[in-house]
Amino acid sequence: MSVPSFLPVFDASLETIEDGALQPACSFCRKAFKRGPECLTHYRAILRQPEGYFECPFGFTTRTFSFLGERFAITGVVAHPRFGSAREQRRAKDHPETRVSREMIESFIAVLKQIEISRADAIQSAATVLPQAFHELRKLNGAILQHAEKELKSASSPALLTIKSAAELMRNNFDILEALSNIEGMRALPLDADINLYDLVYKTKKVLEERASAKGMQILLTGVRAMIPGSQKSFPIVPAVLIENAIKYGSAGSPVAVSVKAANNSATLAVENESKHPIDAVRCFERGTRYAGSAVEGGGFGLFLAKEIVRAHGGEISCHPSAGRVQFTVELPLQRVVPHDW
Amino acid sequence: MIQWFRERFGRATLENFDRPVTRERLIQAARIVMIDDEPSLLVDELRSAGFSVDHDTVGSDVRNIDQQIYDLAILDYHGVGAKLGSSQGLDLLHHIRRVSPRTRVLAYTSRSLSSAESEFFRMSHGVLPKDMGLVDSFATIETELQKAFSKEHLFEALLTKLNVSDVATKARMRKALTSALGSSDESSFKNYLKKIGGTVGEKAVDLIVSRLFGVR
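From first to last, the protein sequence lines stand for chains E and G.
Positions 1 to 342 (our numbering) are the ones given, in order, by the first sequence.
Positions 1 to 216 (our numbering) are the ones given, in order, by the second sequence.
Simulated coverage check for chain E against chain G, where a stretch passes if three residues somewhere in it have a Cβ under 8 Å from a Cβ of chain G:
1. 130-140
2. 147-157
3. 186-198
Below, in silico cross-link-like pairs of lysine to any residue (SDA-like), each with a Cα-Cα straight-line distance of 20 Å or less:
4. E/Lys153 to G/Gly50
5. E/Lys139 to G/Pro39
6. E/Lys150 to G/Glu142
7. E/Lys139 to G/Ser40
8. E/Lys139 to G/Thr140
9. E/Lys153 to G/Arg23
10. E/Lys139 to G/Asp56
11. E/Lys153 to G/Val43
12. E/Lys153 to G/Thr140
13. E/Lys150 to G/Ser48
14. E/Lys153 to G/Phe138
15. E/Lys203 to G/Val135
16. E/Lys203 to G/Thr143
17. E/Lys139 to G/His55
18. E/Lys206 to G/Phe138
19. E/Lys150 to G/Val43
20. E/Lys153 to G/Ala139
21. E/Lys150 to G/Phe138
22. E/Lys206 to G/Val135
23. G/Lys147 to E/Asp194
24. E/Lys153 to G/Ser48
25. G/Lys147 to E/Leu191
26. E/Lys139 to G/Val43
27. E/Lys150 to G/Gly50
28. E/Lys153 to G/Ala49
29. E/Lys153 to G/Val135
30. E/Lys150 to G/Pro39
31. E/Lys203 to G/Phe138
32. E/Lys150 to G/Val135
33. E/Lys153 to G/Ser40
Quick list of the computed label-pair ranges, beta carbon to beta carbon:
34. G/Ala168 to E/Leu177: 49 to 57 Å
35. G/Glu152 to E/Ser213: 39 to 47 Å
36. E/Ile123 to G/Ala171: 49 to 57 Å
37. G/Gly79 to E/Asp19: 51 to 59 Å
38. E/Ser213 to G/Pro20: 32 to 40 Å
39. E/Ile123 to G/Ser86: 20 to 28 Å
40. E/Asp192 to G/Arg47: 22 to 30 Å
Worth flagging that the hints you see were computed from the coordinates, not collected in a lab.
Note that the coordinates shown come from a computational prediction; the quantities given were computed from them, not determined experimentally.
C-beta atoms are modelled at their ideal positions from N, C-alpha and C, and glycine is treated no differently.
Generate coordinates for the entire structure from the input sequences, incorporating the hints supplied.
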């Protein structure tokens, strides 16, 4: 990180001397810095000490300071009041352009402190305003979804169906973003809803069908209507992530097989697809892990989030890669099985 | 067969007397209040479907809540209930849970889960995200209404209303209710309540008792 300065600055993280906006680093400094280790030894030593004024081995004034957690030093100047050494007198005489006052340096550091405060205030303000903006976006998307649904009741229209699917997809993405931004909040959500796993997966399939067909893929769903206790706010993210990943990383033209089973007090959701991308069955659940390189869009957050949500529901998620195929399995506490409507 | 045997000869529980309330009956019997400061397509659609819905955009006139007429309150967090305190929807939620325990509450919001609002989610019976589609919103509301008519929920509301907290009294009341439900004898249960010092005749208690014996 760099710091805005009108005087020359030593940057501790880069270990370089940067020109100031008004005064470049003096030629003596540049040469001495390159010639031997004295300069670097000096900076390393003083940056471990509390902020203050130090005289460099060649007589220049160095004022250390911190900015946004990084350490810097204004350097290559002869500041008044001086230290009073002979070498300092020599530098001031040979390089009169470097003469400044300590008062001026202090004013500059005060400005930097003010910038830090303003930045912290802006971050604080964003923390309040951004959720509000996010909330408004969600409401707007919800209005689109609800109006599309209302119109679809009276007239079937492929365009309206596309709008409805897009709004539902957007809603999934909002859920993912929200959960990612507050993992602790997501973990603390009450498991107060009876979730019909099969119906939820069926709905997710309907939402993602258009995306699948764009890749010539089909989502095939089989199984039983297993009920699980869960959070309506977080759990829908799990099938959405797994099926969306299967479409994203699956081979074009191949099917995505999804099943919901119930046995031994356990509900099992399995999502399987063909894939040419190799995957590490353990590391794939780590935050930020990606396997398909830049060829496939993604941030490596989906599976991490799915794992967190499944665990918050008292379940386990696992990945089973085999030659050219990958299956994700989610095991959850089963409440009961209800009959199909058909 | 096993289920029939259990129902007939097993130890009766309140759940045994629950039957799914038909949608038509839900529409006829349920009273819903939406407390949200914004116009809502959901309210329009619920009304079009025949549900009785009051839309309160301020949440300061709590007379109907105090009358305990609602089976379900759909409650926003922000912009409502300012008269009851600075915590807005949360203060309203506390009020509803205290004065009208039979009213189920759905937290109606699509806000992020800030720690300040977590109590709002925790104290509600469920969450209805504002950005949910109409079909899913209806399903969530109808599920909550089914729960509002369930014997177990109404019994818990009765205990709260009568301020019964000791385990032994609760167990005796449960037994008396189960027996009265078995013989469809509302008056015997009312007599029992009178005996244990319950304020039978109070509208709120009467309403819960009639719901316990009434809606099918």
